[in-house]
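Colleague: In case you want the letters, here they are:
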Amino acid sequence: MTQKRWSTTEISAYLDGALTPRDQTALDTQLRQDPALQRRVEEMQEVVALVRAVPLRQSPRNYLLSPAMVSEPKPQPKARRTPLLLMRLATSLVALAFVVTFGINVLQNSNLLRGAMAPMAVQSDAQPEAEAVPESAYDTLAEDETAMVMTERQAPEPLTAQAVEEPVELAAPPLPEELAERVEAGEVLGMGGPIEEDEAVSPENRLAESPEEVAVAAIEAEEESAVETMLIPAEEPEESPPPAEGMLSETEVESPSTQALKRGPTPPSVWITIGLGLATAVLAAITIWLSRRNTG
Amino acid sequence: MTTDNDAWDEESLIQAAQRGNLDAFNELILHYQSRVYNLAYHIMHDPAAADDATQEAFISAYRAIKRFRGGSFRAWLLRIVTNACYDELRRRKRRPKVSWEEFGDLEEEANPHLVDSGPKPEDSVQQQELRDLLERTIAQLPDHQRTTLVLVDRMGLSYEEAAEAMGVALGTVKSRLARARNEMQALLQKEPELLPTRYRL
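These protein sequence lines map, in sequence, to chains V and Y.
Counting in the working numbering, the first sequence runs from 53 upward without gaps.
Counting in the working numbering, the second sequence runs from 736 upward without gaps.
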C-alpha cells in the first residue's frame, strides 16, 4: 500500500480538524503506521501548543469611549472650502478675461495709431506747407455741418488774425499774406459769421488761383481724407475742443489721430476691460477675505 | 473587567450600540480590548503604536457599527484593527522611522481600572520570558503569516473568522497558517535552550 505524502498545509489543517472527514481518516490511519509523519505532526503540534499557551499581553489601559471621542468630525471646514475654491476659480477666470481684453484693446489702439501715422508720414513731406496753411483744418471741419454748428455755438469770439498769424510765421513766405487775406475775407472757419462754403472751399475756386494754392489744395485733400476716417462724430459736442483758438492750438500741438483718439466715444471694449478690471479687484478682495477667514 | 459569563449577551450589546448606546459599546470594548491590543501589538511590534491603533480601531468600529450586518463581531472588529495597523505601517514606511524604545513599555503603566488577572508572581517571570521569546519569534514572520498565526493560534479565531478578519479566502488562511507554523518551528529550533523543557522541540 503506497503512503501519501501529506503537505504541511494538510498537517496544519489536521491539527485544527479542518481537513475533510475522508482526509482526516486517511491521515489518522497513516499516522499510526508512519513514524516520520508522526514526528512531523508532533513537532507542529508542539509549536501550536507553545503559541497558544503563552497568555496574551494585558492591554495597558482601557479604551472606553466618551461622547466627545466618537462625535463625528464637523464637515464645516469642507463646506467652507467650497466657496473659497469657487471664488478662486472665478477670480482667475475674470483676471484672465481682463488680461485678454486689455491686450486686445492695446493692439487695436496700436493699429489705429499706425493707421493714423500713415497719412501723417505723407503729410510730413509737405510739413512746411501744411503748417503754413492751418486753414486746411478748418476747411476739413467745415465739411461736417454738425461740427460746424457746434463750433459756431461754442465760439462766441471769432478767431483773431493774430492767432492765425502764429503758424503763418512758421510757413513759407508767400502764403501768410494770402492766408491773412482769406481770413479777412471770412473764408476760414471760425472767423465769424456764416461761411459760404461753396465759395470758400470749392476746389474750382482754388484751381483758379495761384500754383501755391494748388499745392495747398492737394495737402488739404489728403488731410481731409485722413481726418474723415478718424474724425469724431458730432454726437458728443461737450467733448469737442473749444473752437477758434483752442482748436487751432490743438491742431498745432497734436496730430489729428491723437485728437481723434481723445475726442472719440469710448469703445465698448474699453468699458468691458474696465469692468473686468474692477470685477477682478473685487473678486480678489473677497477671495483673500475668505482665505483669511478659513485659515483664521 | 467583563468576562465571558452567562450575563454576556453580545448580540444585545451590538444592537444597543447600533442604536447609539455608547455604554453598550463600551461593554464590548472591555470584552475585546485585550485581543485587539495584542493583535495590534503583534502587527506593529510597538507598544505605543499598538495602543494608538487600538484606540483608533474602537473609534472607527463605533462609527461603523451601524453597517455591521451580523456574523462574527470578533472577526469584524479584528479586521478593523488589522486594517488600521496596516495603514499605519504603510504611513510609517513613507516617514522616517522613530525609535519607540525610549518611551518604555506601556504595559508597565499603572491602570487602576484593570483587575489583575495575571499569573502568580513565581510564574510571572518564566511566562514573561517565554512570551518575550515567542513575540520575538513571531515578529520574524512575514506580515501576512504573522497576522494569520496570531488570529488563529493567539486569538482563537476559526479559519472562517480569520478569513473574514483578513478579507482573504479560506484556503489562503490554511496555507498561510501552515507556513507560519512551519517557520515558527524552524525559528524556535535555532535556540532551544531558551524554551522551557516541556516546550523544547
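Calculated directly from the structure, the hints in this document are not laboratory data.
Nothing here was measured: the structure is a model prediction, and the numbers come from that model.
Backbone N, C-alpha and C fix where the C-beta goes; we use that ideal spot for every residue, glycine too.
There may be inaccurate statements among the hints.
[As the list claims (entries may be wrong)] Reference excerpt, derived from the structure (chain Y facing chain V, CB under 7 Å, subset only):
no. : residue
1   : 748
2   : 749
3   : 753
4   : 764
5   : 772
6   : 776
7   : 863
8   : 869
9   : 871
10  : 916
11  : 919
12  : 920
[To be verified] Stretches of chain Y that chain V covers, calculated by requiring three or more beta carbons in the stretch to come under 8 Å of a beta carbon on chain V:
no. : region
13  : 765 to 771
14  : 779 to 793
Colleague: Take the hints in turn and mark each one as holding or not.
Modeller: Outcome of the hint check:
For the restraint placing residue 748 of chain Y at the interface with chain V, the shortest Cβ-Cβ distance is roughly 14 Å, beyond the 7 Å limit, so the hint is violated. Interface restraint check: residue 749 of chain Y against chain V, minimum CB-CB distance 15 Å, threshold 7 Å, status violated. Here the hint on residue 753 of chain Y is broken, as its CB sits about 13 Å from the closest CB of chain V, past 7 Å. The restraint placing residue 764 of chain Y at the interface with chain V holds, with a minimum CB-CB distance near 5 Å, inside the 7 Å limit.
Annotation: interface hint on residue 772 of chain Y holds; nearest CB of chain V at approximately 4 Å, less than 7 Å. For residue 776 of chain Y, the suggested interface contact is upheld, since its CB lies about 6 Å from the closest CB of chain V, less than 7 Å. The criterion of a C-beta within 7 Å of any C-beta in chain V is not met by residue 863 of chain Y, whose closest approach is roughly 10 Å, and the hint is violated. Against a cut-off of 7 Å between C-beta atoms, the interface hint on residue 869 of chain Y holds, since the closest Cβ of chain V lies about 5 Å away.
Look at residue 871 of chain Y: its Cβ only gets to about 12 Å from chain V, farther than 7 Å, so that hint breaks. Hint status for residue 916 of chain Y relative to chain V: holds, with the closest Cβ pair at about 5 Å, below 7 Å. At a threshold of 7 Å, the smallest CB-CB gap from residue 919 of chain Y to chain V is about 5 Å, leaving the interface hint in force. The beta carbon of residue 920 of chain Y comes within 5 Å of a beta carbon in chain V, closer than 7 Å, and the hint placing it at the interface holds.
Restraint check on the region 765 to 771 of chain Y versus chain V: 5 residues with Cβ-Cβ distances below 8 Å, three needed, restraint holds. Counting residues of the region 779 to 793 of chain Y whose C-beta sits closer than 8 Å to any C-beta of chain V gives 5, which meets the bar of three, so the coverage hint holds.
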